[in-house]
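Chains A and B, in that order, are what the protein sequence lines are.
Take the first sequence: its letter number 143 is residue 143 in our numbering, and every next letter is one higher.
Take the second sequence: its letter number 100 is residue 300 in our numbering, and every next letter is one higher.
Hints were generated in silico from the structure; no laboratory data involved.
Remember, predicted model here, so these are calculated numbers, not experimental data.
One should not assume that every hint holds.
To be verified - Within a straight-line C-alpha distance of at most 30 angstroms, the following computed DSBU-like cross-link-like pairs (lysine-lysine) qualify: (1) B:Lys275 to B:Lys318; (2) B:Lys279 to A:Lys168; (3) B:Lys337 to A:Lys150; (4) B:Lys318 to A:Lys98.
Unchecked claim - Distance windows between CB atoms, simulated: (5) A:Ser146 to B:Arg257: 33 to 41 angstroms; (6) A:Leu29 to B:Arg282: 55 to 63 angstroms; (7) B:Arg357 to A:Glu43: 54 to 62 angstroms; (8) B:Arg357 to A:Lys88: 29 to 37 angstroms; (9) B:Ile367 to A:Gln30: 38 to 46 angstroms; (10) B:Arg357 to A:Gln149: 35 to 43 angstroms; (11) B:Lys371 to A:Arg23: 22 to 30 angstroms; (12) B:Asp322 to A:Val14: 48 to 56 angstroms; (13) B:Leu273 to A:Glu121: 31 to 39 angstroms; (14) A:Leu18 to B:Ser281: 22 to 30 angstroms.
Where is the CB? At the ideal position from N, CA and C, for every residue including glycine.
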Amino acid sequence: MPLQTAYYPDYFAVDDILATQDRIPCTFLQDAVKLGKLNPAEEQADLKAGTNIELPLWLVADITTTRQPVVAPSLPKMYKEGNREILKADPCAVDLHKLSTHFYELGLYVKQFDPRESVAEILLQTFTLRLRFVMDLSDNTVSNPSVMQKLDRLERSVFKSGHDAKMKLVSWLKVSEMPLEAASMVVNHKKRKRVDDDLF
Amino acid sequence: MDPEEVEFLGEKHLVSIVPSFTSESVHLIQGDYGPFRAGLPIRVPLWVAVNLKQQKRCRIQPPEWMDVDTLELIKTDEKLSRVFTKMPSEFYMVEVKQLLGCASDDIPRADEIRTIVKDIWDIRMSKLRSSIDLLVKNHEMYAAVDNLTMMEINSMRPLLPHALDHIYRMKTFQPNVGSQSQTMSFSTHSRVSTSFQS
Chain A
1 MPLQTAYYPD
11 YFAVDDILAT
21 QDRIPCTFLQ
31 DAVKLGKLNP
41 AEEQADLKAG
51 TNIELPLWLV
61 ADITTTRQPV
71 VAPSLPKMYK
81 EGNREILKAD
91 PCAVDLHKLS
101 THFYELGLYV
111 KQFDPRESVA
121 EILLQTFTLR
131 LRFVMDLSDN
141 TVSNPSVMQK
151 LDRLERSVFK
161 SGHDAKMKLV
171 SWLKVSEMPL
181 EAASMVVNHK
191 KRKRVDDDLF
Chain B
201 MDPEEVEFLG
211 EKHLVSIVPS
221 FTSESVHLIQ
231 GDYGPFRAGL
241 PIRVPLWVAV
251 NLKQQKRCRI
261 QPPEWMDVDT
271 LELIKTDEKL
281 SRVFTKMPSE
291 FYMVEVKQLL
301 GCASDDIPRA
311 DEIRTIVKDI
321 WDIRMSKLRS
331 SIDLLVKNHE
341 MYAAVDNLTM
351 MEINSMRPLL
361 PHALDHIYRM
371 KTFQPNVGSQ
381 SQTMSFSTHS
391 RVSTSFQS
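The whole structure should be built from the sequences, with the hints applied where relevant.
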């Protein structure tokens with residue numbers, strides 16, 4: 001079986017597994033007997049109700065939806081109001097990879113902890129507004145892997161599919177005896193791009 | 201699709217050549233071409249023309265549009281128009297690349313043509329990226345993509361549907377929770393085990 005790298009979560013999708021490893025801040029609603037070792041700050045055997053602790057998402061998803069929820073999850077800080085404002089102001093300026101390696105994947109899961117649905121909205125908005133940025137990167141990069149640093153995993157996969165197509169085209173244009181290319185004067189003329197941007 | 205595959209399709213387009221030999225007609229899957237008479241122009245598929253040219257058995261007559269003045273006109277039109285203008289040939293990139301590659305001595309001002317065509321391509325790609333950006337940003341339902349050539353569509357094809365898939369997923373994704381998750385995880389599990397057997 002080939003390594004499953006599909007973005008659609010199935011049982012073995014690597015991105016999905018990695019995304020659900022991320023920790024979510026939670027508050028315990030009940031006393032948890034003999035789980036004191038989860039909280040390194042205290043030396044007690046039992047976890048008291050009201051303790052704040054970070055638990056991985058795969059665990060949280062199962063223990064919050066039972067009839068008597070054990071913990072109450074809250075939003076991780078990159079999806080909170082403050083960060084949402086930053087993302088709204090200029091999505092392209094944000095280093096998404098630094099916020100979270102699986103910003104979108106994780107966001108799709110944690111949006112259920114946010115009753116006002118503003119997380120779902122910000123995910124969609126961030127992606128659509130950053131698409132131009134990703135597209136331009138994939139089109140203008142010849143071989144410089146460092147440009148991907150600001151993209152999260154999902155955006156990197158989009159970048160890669162665009163970049164591969166671009167590379168194929170470039171190599172196709174080069175194989176002929178007389179490669180098609182813009183004149184060196186045009187390439188070096190820096191104002192050209194700006195003129196084109198104004199037009200469209 | 202690779203650019204090479206688009207090139208393959210484009211090589212079926214007909215171009216005019218002036219053969220320097222005389223021969224009976226040839227029977228190809230695509231159709232019959234010939235008979236060839238030395239000095240009399242005839243239309244053959246691009247790949248035949250390139251092949252004969254490489255053997256130095258013909259002279260290629262460039263298509264009417266492959267001329268600096270016409271291309272300059274197209275370039276200005278393309279720059280001023282907000283939509284895509286109609287290109288003189290569905291495979292203009294392929295034709296220019298092939299003909300300039302093997303027959304630059306038959307085409308007047310080949311260097312200038314090469315630069316102009318690349319400019320036209322760049323303008324159109326920049327337009328294409330802007331319109332994709334607009335399409336996605338405004339959550340439009342559809343986009344009319346008249347007059348795009350196959351090579352242009354092909355160069356955007358991997359990226360755009362991939363991005364649209366993600367957008368669709370973000371709109372519809374519901375994390376399976378509670379009692380559903382039991383049945384869901386069971387069904388995925390059984391599917392995985394079948395794929396192990398195959």
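*Check each numbered hint from earlier against the structure, then list the numbers of those it violates in ascending order.*
4, 5, 10, 12, 13 and 14
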